[in-house]
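Let's have the full structure, built from the sequences with the hints guiding it.
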Amino acid sequence: MRGITKRFGPVVANDRVDFSLRPGEIHALLGENGAGKTTLMRILYGLYRADEGQIIVEGQPARIASPKDAIGLGIGMVTQHFALVPPLTVAENVVLGYTDGFRVDPARVRAQVQEAAARFGLEIAAGALVSHLSVGERQRVEILKALYRNARVLILDEPTAVLIPQEVDTLFATLRRLCADGLSVVFISHKLKEVMAISDRVTALRDGKLVGTVDTAQTAPAQLARMMVGRETFGVARQGERTPGEPVLQIERLGADDDRGLSMLKNVTLSIEAGEILSVAGVGGNGQRELAETLCGVRRPRAGRILVNGQDLTAARPHEFTAAGVGRIPEDRHAGAVGELTVAENLALEHLGEFTRGGVLNREAILSNAAALIAQFQIKARPTDRARTLSGGNLQKLLLARVLSRQPCVVIAPQPTRGLDIGATEYVRNELLAQRERGAAVLLISEDLDEILALSDRIAVIYEGEIVGVAPAREADVETLGLMMAGATREGARVREAV
Amino acid sequence: MNAFVVNLIAAMLRVATPLLLAAVGETFAERAGVLNLGIEGTMFFAAFLGFFVADATGSLWIGLLAAIISGVLAGLLMALLSVTLGVNQHVSGLGITLLLTGLALFAFRLRYGGRSTPPAIPPFPLLDPLPNVPILGNILQQYLLTYVAFLVVAPVAWWLLYRTSFGLNVRAVGENPEAADAAGVNVFRIRYLALGIGGGLMAAGGAFLSLSQLGAFTHGIVAGRGWVAIALVIFGNWHPIKVMLGALIFGGTFALQLRLQAIGLQLPIPYESFLALPYIVTLVALVLAGRNASYPAALLKPYRRE
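Same order as they appear, the protein sequences are chains Y and D. Residue numbers for the first sequence follow my numbering, so the first one is 133 and each next one is one higher. Residue numbers for the second sequence follow my numbering, so the first one is 147 and each next one is one higher.
Calculated from the structure, these hints are not laboratory results. Glycine included, each C-beta is placed from N, C-alpha and C at the ideal position.
Simulated restraints on C-beta separations:
#: 1; chain 1: Y; residue 1: D390; chain 2: D; residue 2: V433; range: 20 to 26 Å
#: 2; chain 1: Y; residue 1: G156; chain 2: D; residue 2: L231; range: 42 to 48 Å
#: 3; chain 1: D; residue 1: V433; chain 2: Y; residue 2: G485; range: 36 to 42 Å
#: 4; chain 1: D; residue 1: H236; chain 2: Y; residue 2: D313; range: 50 to 56 Å
#: 5; chain 1: Y; residue 1: D313; chain 2: D; residue 2: L429; range: 57 to 63 Å
#: 6; chain 1: D; residue 1: I215; chain 2: Y; residue 2: L484; range: 57 to 63 Å
#: 7; chain 1: D; residue 1: L273; chain 2: Y; residue 2: G417; range: 54 to 60 Å
#: 8; chain 1: D; residue 1: Y441; chain 2: Y; residue 2: V267; range: 20 to 26 Å
Set out below in structure tokens:
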């Protein structure tokens, strides 16, 4: 790819980027969120069209206007949000858009796909419905889909973001084997450790511009970090150990149902002290959302008790939680703010009672409140901007400002840095640490183990709605956590019990 | 088996025919991700056009063909609005229904306005394949379109949706157009095709009313059958064979209430309650089936690449 430029309105997502891929190599494309990695690869796969530049495939200039063209040239892509149709079977997903002839005989297609899976060494049941598969299995379906179309170039967009450590190992082994057979892989990531582990070469992008391409063997994580963010070190760490405080948030044998009315949370018992960050680690969909929602009154518990400073808040309403000093940073930040309202209105929204007199909004108070919070939380926006125009990082700052300015004694933070770039992530993490310093009890729910290890005092692992273990952070290691997240320890314990 | 039950079954099939045709048409549209609320207008216009063309040319077949073509065009208009232009599907569908209903009434007025007696044509005859077999023979006295609807349209629709690449594409496009697009399926073309086929089937259902059942065109000829068809699609969980079952249940109840009225039972309730019976049954069935309904995930959502 030569001189690729792509603009979205006034934003230049790719600015004259060059990128080359050799046969049989794993080439990491490194950069922060918004650096233009995905955009560049979406252009290669025909999902976007470049404004300038050209693509050359095996010496020939190529015109790629749609994924169909890309597939024809032997290019396959596994996007971050899987492009699968859940109600269809694995086999149907694999042959979708690539069927031989008009008739589709389910049995024959299943056999063909099963045979292909065996040929590429991917362990998949071709007849299974995709909706029944785990995330790791879905990823294998995506890879098989690309290989089934005779892909010689495979683009993987943040493939490890959704996997547990053991699944990552499996994926890496698969990629190495496929590359030994001549496949070329583009590996999009912002995780240095993985890039160092899997890639042959690394190309770094920053703010849509090419920073450079290096051989992985001749580089070090620090150099890659500098290429990616423009400075050598980044990240946050806790300051010192903590003296035990009073338990502020106590959860006793809590149970709750999911949206389908099936039992999701089972017997969750946790206690968080003042000045402590307790993290809940786990693969997404194991009850994290239900836990966070139950702890702020959005979801009704089915069993158990919730105590805040000794006050029983079981089955209380959201405003009662707020009044008791529970601050919740919404998990979906777009659902937590009203896009069509202004920044100032959003900042006042949860406490409108304080900004009204006789039912009439006090605009001046709302605006001055907003101005103060914008300054305090470094939100890059004017009070009168509509919330939907804010970037993800600024929107999250807005929500932090709304919650944390109340000085809550309990902070519930589900996935607070998901989808944020490194700068905003660091900001959010520092803010959580500041809450800990202030003496708040912080419940951090995250799927990012690095984040959890960096911030927590104690780590609890959730698996299928149960807390399968709690350990002090300094005693935890990635391997054990990964096994617990995959349910291995619990099943191990069960086996022991049975014996 | 007495005559009452035999007649009831025969009537059930007759009443179910236009519903089945329309509901299978709607199934195609919705499976591809487009709720086509133009169904009622498409049926009404087709009922008129079929009658008008048959009257003008003297050929019921040409009338039927013209009606089906008008339905395909109405489906493509829906596609233009909702797929290409991304107009809200409720708005564009209801717009098409209003447009086609108004157009049909206007044209009917222009052509037949001055008459004192409503115009009529000889309709399609009933087929009688087994004239000498007592019970079955009576039940099988049906219009050709009824045979086509039950023995051809519904099974072929099932086959198309579940056994062909076209059907796989339709189902994928209605569930996850991004995935289908990334897999190299032309989302727009599939939706145009599904809406075109669906419109043609809806029109066949409308034309059945004027060309087979009545041999005439009246203002109340469709009488909400399009909306019932939409309910049947949900009841049938977007599966042609289950939709057929739903059409039979509705047809059976409708036929039953007609007979209950005719019997003249001395009941202390007005006869209009019988008229409402099929709709009440539909509502109840919908409430029961609707709880487990798995809507095509992309229904109502226009697809845009960026």
